[in-house]
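Residue numbers (my numbering), protein chains in the order written: chain A, 1 to 158; chain B, 159 to 436.
Derived by calculation from the structure, the hints in this document are not laboratory data.
One should not assume that every hint holds.
Stretches of chain A that chain B covers, calculated by requiring three or more beta carbons in the stretch to come under 8 Å of a beta carbon on chain B [claimed, not checked]:
| # | stretch |
| --- | --- |
| 1 | 51-59 |
| 2 | 129-140 |
Lysine-lysine pairs mimicking DSSO-like chemistry, simulated, CA-CA at most 27 Å apart [to be verified]:
| # | chain 1 | residue 1 | chain 2 | residue 2 |
| --- | --- | --- | --- | --- |
| 3 | A | Lys57 | A | Lys12 |
| 4 | B | Lys308 | A | Lys69 |
| 5 | B | Lys196 | A | Lys49 |
| 6 | A | Lys107 | A | Lys57 |
| 7 | B | Lys378 | B | Lys308 |
| 8 | A | Lys12 | B | Lys193 |
| 9 | A | Lys51 | B | Lys189 |
Using N, Cα and C, we set each Cβ at its ideal position, and we do this for glycine too.
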Amino acid sequence: MNRQEQIEDAVKKYTNTILNVAYTYVKNTHDAEDITQDVFVSLYRNIWKLKSEEHIKAWLIRVTINKSKNHLKSHWISKRTELPDNLSSLTTKQQDILLAVLSLDEKYRIPIHLMYYEGYSIEEISKIMRINPSTIGTRLRRGRALLKDILGGEDSYV
Amino acid sequence: MFKDDYIQAVNKRNFSENMEEQIYHRISEEKKRRKRLKATIMFSILSIVFLFACIQSTSFFNITSYDKENHTTKEYTVSKDIYVTEELYAGEKLVIHVETDSDKDRTLNISGNMQGNQIKYEIGYMVDNTYQPIDKENTDTDLNQTITIKKNKEYQLCIINLSSNSLNFSGKISVKNQDLVYREYGDDSFKIIAPSNLSVENVSSIIEDNLEGIILYNCKTYEIREIALETDTISIDITEPGNYMLYAITTSGERINLKDYIGISSISTINGSSILPL
Numbered sequence: 001m002n003r004q005e006q007i008e009d010a011v012k013k014y015t016n017t018i019l020n021v022a023y024t025y026v027k028n029t030h031d032a033e034d035i036t037q038d039v040f041v042s043l044y045r046n047i048w049k050l051k052s053e054e055h056i057k058a059w060l061i062r063v064t065i066n067k068s069k070n071h072l073k074s075h076w077i078s079k080r081t082e083l084p085d086n087l088s089s090l091t092t093k094q095q096d097i098l099l100a101v102l103s104l105d106e107k108y109r110i111p112i113h114l115m116y117y118e119g120y121s122i123e124e125i126s127k128i129m130r131i132n133p134s135t136i137g138t139r140l141r142r143g144r145a146l147l148k149d150i151l152g153g154e155d156s157y158v
Numbered sequence: 159m160f161k162d163d164y165i166q167a168v169n170k171r172n173f174s175e176n177m178e179e180q181i182y183h184r185i186s187e188e189k190k191r192r193k194r195l196k197a198t199i200m201f202s203i204l205s206i207v208f209l210f211a212c213i214q215s216t217s218f219f220n221i222t223s224y225d226k227e228n229h230t231t232k233e234y235t236v237s238k239d240i241y242v243t244e245e246l247y248a249g250e251k252l253v254i255h256v257e258t259d260s261d262k263d264r265t266l267n268i269s270g271n272m273q274g275n276q277i278k279y280e281i282g283y284m285v286d287n288t289y290q291p292i293d294k295e296n297t298d299t300d301l302n303q304t305i306t307i308k309k310n311k312e313y314q315l316c317i318i319n320l321s322s323n324s325l326n327f328s329g330k331i332s333v334k335n336q337d338l339v340y341r342e343y344g345d346d347s348f349k350i351i352a353p354s355n356l357s358v359e360n361v362s363s364i365i366e367d368n369l370e371g372i373i374l375y376n377c378k379t380y381e382i383r384e385i386a387l388e389t390d391t392i393s394i395d396i397t398e399p400g401n402y403m404l405y406a407i408t409t410s411g412e413r414i415n416l417k418d419y420i421g422i423s424s425i426s427t428i429n430g431s432s433i434l435p436l
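Okay, chain B solo, but in the shape it has when bound:
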């Protein structure tokens, strides 16, 4: 019968005698390959875990040492002017919260100095939960920065001690309405070199619009002084030499520079006239 003859024919066909051996050899190679693959995968996973653990532990130990030495962040809140004197430990941060009750854009100014060995600090600010560095690796002892504070936004000024030593900061932080602050001295300013009395007469004839106020602005210290106007004459004593601007602000928001109308008389007897128009 065909079936029997076919089975006999197939059974007589010759294949390699060590076929089983060859199969086991291939399987053992596959085992080794899989072991290598598993080892590679495990190594990769362990590397990632180790890396992650390193990052975590670094942060943890940093935080621990920070807490141990009581290096907490030092925080202040400023609405107009504050004077701050603080020792910042290595890695420590000084945070100045700016009050957000203004519906106008304002200017935040920080001026002061940093003392210590190997001075290195960063200045920046947080707005809308985003940190914006201003000066990343500052090594100057004098510190003077101004940033614009947009209305209705929450700002935090930050000074971070990047040095491995303690640094001492002392300075003034002030917030001013932007329309009253002029950072460039420019042609609108004048220089006082000795204690003087400034006067402007017939103010009503100079300012046609309704007068909102008279502002004396110290260009160096950013100090703003509102001058009371009780008569038609402005009279201001300036004891501190420096660059100044004198403005009248009208109710319509117009700013009128009064430099050209200023009369000057010395308070002291030294050096006579003490005004130098710039």
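Pulled out of the complex, with its shape left as it was, chain A reads as follows:
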């Protein structure tokens, strides 16, 4: 597979992943889309450095997190008043769950998203975020506890 094919393959496979990670971080559809485009431009510039498909996915998620962080740090974004996204396509329960996750601090919501949506293990999340596994474990535990508080319901739900 040449580089062009690798990029096309990555766009097909991971656009959704990147959009969702970015959205989970910045909580805005348009910003998430802009970040996703930037991430794939970065992939185009750096594709020659990446060894395997698994590396590409992990690299894309790491770059997305970094770009999202930088995005939120920018002066213009920090002063902007957020407009709520249209969540009308979701059921009430799904809206509650999504809003509950998005209401968590970023240090909890990103590991929770990566674990529950992407299916990554603590070890894999630790590698992607370059944070100690035990710290990730702690953040997941606290994040889950916070979600329980927000969502209520049965103890085994989260």
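Using the hints provided, position chain B relative to the given structure of chain A.
Showing chain B alone in chain A's frame:
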């Protein structure tokens, strides 16, 4: 379960339908930007290479044509006096090496003339591998320059033909010890207007210190003539009119002007006395 509900909620989130298209559009813009950047860099590199090649080829062709027409640098070495007559082709250089065996500062004088169409030449000298121009665009036919030669330093006098035509140089190049050369005529000189005999009597009474030598100096031609002193009287025949100085040099290096002690008699019968004190 939370996981299933969360996955469903996330999957139902709406993003732009043409997201992939937008990504490819951004990538293609990036490709174009990089192409432009590469082109700019390549253009800059090629420009530099081209410029460098131009400089090199210019030098190369200059050297080639120079060699083809046998326009080599013409070189002489001077220790005291030399007379040079040379044709200098366009761009050609005349180099006079000054012998470095002196432990005293000296004066190098070049006097002569340049003939040819559209006279244009440069005079300068090399010292310590550094070129020092004296007169960058000289167009005069008469050429007269004097430079001080510092002791134990290697000097090369250069005359470069800047004209597009050949120039003919003829002249005298002389090196003299500096303590015997006086470039200004000044009050110490006297003028001879016709062939004359100069005499100074009772030299030993004028010079109290030990006498090293008697020097007659032609102010115009810079010619130095050492006068033999066999008796207590100096006698010198001067056939060439001009400005002169007459000095006695003592062993302690003192210079005594003898102008006021000179007696004059004409060699020829024309015009009688022929000395005009200045």
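Quick rundown of the hints versus the structure:
no.: 1; hint: 51-59; result: violated (count 0)
no.: 2; hint: 129-140; result: violated (count 0)
no.: 3; hint: A/Lys57 to A/Lys12; result: holds, 12 Å
no.: 4; hint: B/Lys308 to A/Lys69; result: violated, 73 Å
no.: 5; hint: B/Lys196 to A/Lys49; result: holds, 20 Å
no.: 6; hint: A/Lys107 to A/Lys57; result: holds, 20 Å
no.: 7; hint: B/Lys378 to B/Lys308; result: holds, 23 Å
no.: 8; hint: A/Lys12 to B/Lys193; result: holds, 25 Å
no.: 9; hint: A/Lys51 to B/Lys189; result: holds, 22 Å
When each numbered hint is compared with the structure, violations occur for hints 1, 2, 4.
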